[in-house]
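Participant: Sequence:
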Amino acid sequence: MFWLASYPKSGNTWIRVFLTNLIIGGKGTFNINQLMKTYFANDNQLIEHFTPFEPSELTFQELENVRKRLFHQLPKLVLKESCVKIHHANQLFQLNESLLSDLSQKVIYVVRNPLDVVISLAYHQQWSIDQSIEFLNNNNAIMGNPTKLNQRMSADFLSSWSRHYRSWKVGYPECLVIRYEDMLENEWITFSSISKYLGFSFTKGEINEAIIKSKIGLLQKQEAKTRFKEGSIVNQNFFRKGISGEWKSILIPEQIERIVSRHGLVMEELNYL
102 MFWLASYPKS GNTWIRVFLT NLIIGGKGTF NINQLMKTYF ANDNQLIEHF TPFEPSELTF
162 QELENVRKRL FHQLPKLVLK ESCVKIHHAN QLFQLNESLL SDLSQKVIYV VRNPLDVVIS
222 LAYHQQWSID QSIEFLNNNN AIMGNPTKLN QRMSADFLSS WSRHYRSWKV GYPECLVIRY
282 EDMLENEWIT FSSISKYLGF SFTKGEINEA IIKSKIGLLQ KQEAKTRFKE GSIVNQNFFR
342 KGISGEWKSI LIPEQIERIV SRHGLVMEEL NYL
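For any residue, its number in my numbering is found by taking its place in the sequence shown, counting from 1, and adding 101.
Incorrect hints may appear among the rest.
Straight-line distance between alpha carbons at most 25 Å, and here's what the computed BS3-like set of lysine-lysine pairs gives [as the list claims (entries may be wrong)]: (1) 249 to 186; (2) 349 to 316; (3) 207 to 177; (4) 316 to 249.
These are computed hints drawn from the structure, not numbers from a lab.
Could you build the full structure based on these sequences and the hints that come with them?
Facilitator: Printed below as a string of structure tokens:
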């Protein structure tokens with residue numbers, strides 16, 4: 102079991118696509134709705150193992166306490182060869198306390214230029230660009246509705262984009278940080294580092310084959326025939342463009358400034374500036 106963490110719309114699905122193709126090897130190209138066994142950290146079916154209440158009946162702080170107990174027990178509940186996808190910041194809501202710490206499992210953290218994230222997030226959530234920027238800059242940002250009854254997924258505390266990154270990079274220093282842009286520009290180095298970090302011993306040829314089978318164009322062709330079950334109901338395409346630098350033709354200077362002034366230090370650290 103390993104954790105795959107990211108701020109939303111940063112490329113963690115692409116990594117699961119690659120690992121699925123890597124693991125199945127020469128058995129063919131996988132179907133986008135048959136990814137490697139993945140558990141969603143905000144799945145209420147998992148959370149309900151640790152509380153007799155319907156999650157929406159809890160305050161968000163109570164839910165966070167239940168979630169922390171769950172995550173430390175999760176390896177006993179899930180399959181050994183599986184992935185846990187998590188968008189939650191590695192911090193409890195309004196508390197200076199890590200959500201995950203002192204665990205033995207590997208953690209991959211995927212990060213993407215926030216100037217591009219705001220565009221993908223706006224499309225996915227059906228927001229305006231300005232709404233997306235406001236959410237990205239909000240230290241108390243929560244994705245989802247904490248009080249909605251009978252929902253499959255509970256709400257996640259994200260914090261702002263830069264605090265989300267810091268919560269994982271500083272709070273779990275053993276994690277492997279992967280830049281989305283490097284998956285595009287330095288495929289072999291990036292994907293082979295993921296394989297090595299997870300303790301796999303696949304050959305260069307096997308890794309290259311998995312990279313080829315995970316190209317965005319192939320995923321788009323599959324999605325054109327069969328809806329991706331993890332996609333948004335309101336949007337037709339989950340695998341939209343898979344590029345970097347889209348912000349240059351979409352964001353206006355004032356919008357760029359709002360993001361850079363808020364997240365400039367982390368953007369410099371990640372070579373986005």
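Participant: Hint check: residue 316 vs residue 249, CA-CA at most 25 Å. Holds or violated?
Facilitator: 37 Å, violated
Participant: Straight-line Cα separation of residue 249 and residue 186 no greater than 25 Å?
Facilitator: 22 Å, holds
Participant: Given the hinted pair residue 207 and residue 177, is their Cα-Cα distance within 25 Å?
Facilitator: 15 Å, holds
Participant: Need the status of pair residue 349, residue 316: alpha-carbon distance at most 25 Å?
Facilitator: OK: residue 349 and residue 316 at ~23 Å, within 25 Å.
In the structure shown, a violation is registered for the earlier hint numbered 4 alone.
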